[in-house]
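If you read the sequence shown in this note's numbering, its first letter stands for residue 1, the second for the next number, and so on.
The set of hints was computed from the structure by calculation and includes no laboratory data. Ideal Cβ positions, reconstructed from N, Cα and C, are used throughout, including at glycine. Heads up, some of the hints might be wrong.
[What the hints assert, rightly or not] Across the chosen pairs, the derived CB separations fall in these ranges: (1) 92 with 16: 27 to 35 Å; (2) 48 with 16: 32 to 40 Å; (3) 45 with 25: 18 to 26 Å; (4) 12 with 48: 34 to 42 Å; (5) 102 with 66: 13 to 21 Å; (6) 91 with 33: 28 to 36 Å; (7) 91 with 41: 33 to 41 Å; (8) 92 with 6: 28 to 36 Å; (9) 11 with 80: 32 to 40 Å; (10) 49 with 102: 18 to 26 Å; (11) 92 with 55: 29 to 37 Å.
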Amino acid sequence: MSAGTLAGGTLPDGTAYVVRRAESDEDRAACFLVRKEVFVQEQGVPEDLEYDALDAGAAHVLALADDGTPLGAGRLLHGEAAWEPTGHTAGAGSLGRLAVRG
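Build the full structure now, drawing on both the sequences and the hints.
Written out as structure tokens, the structure is:
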């Protein structure tokens, strides 16, 4: 696996994939695109509720097919940003905004 890759494998249909931290503007845009497709378009979540101030300080992860097609995304909150989702547990993180394109 290349630097920055967190995981990888093959889906049941034979598609190879990698999961990596979204560090570039392009990767972050792909994360937001997946979230928009899944939460806003498919599930009807209002767009102004889907994106919030926590996005700026979060660690975002992106799952990509071997051809570069975005497959999924997630958001990891840590520190004080994760307190409310984890019930104020010190040292805990919160993985949310998990979206997989179908």
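Structure-based check of each hint:
1. 92 with 16: 27 to 35 Å: holds (33 Å)
2. 48 with 16: 32 to 40 Å: Holds, since residue 48 and residue 16 (Cβ atoms, about 36 Å apart) stay within the stated range.
3. 45 with 25: 18 to 26 Å: With a Cβ separation near 24 Å, residue 45 and residue 25 satisfy 18 to 26 Å, so the hint holds.
4. 12 with 48: 34 to 42 Å: Check passed, 36 Å falls within 34 to 42 Å.
5. 102 with 66: 13 to 21 Å: Holds: the Cβ-Cβ distance is about 18 Å, inside 13 to 21 Å.
6. 91 with 33: 28 to 36 Å: holds (32 Å)
7. 91 with 41: 33 to 41 Å: Holds, at about 36 Å.
8. 92 with 6: 28 to 36 Å: Violated, at about 19 Å.
9. 11 with 80: 32 to 40 Å: holds (36 Å)
10. 49 with 102: 18 to 26 Å: Cβ of residue 49 to Cβ of residue 102: about 21 Å, so the range 18 to 26 Å holds.
11. 92 with 55: 29 to 37 Å: violated (19 Å)
The structure does not agree with the numbered hints 8 and 11 stated previously, though it agrees with the rest.
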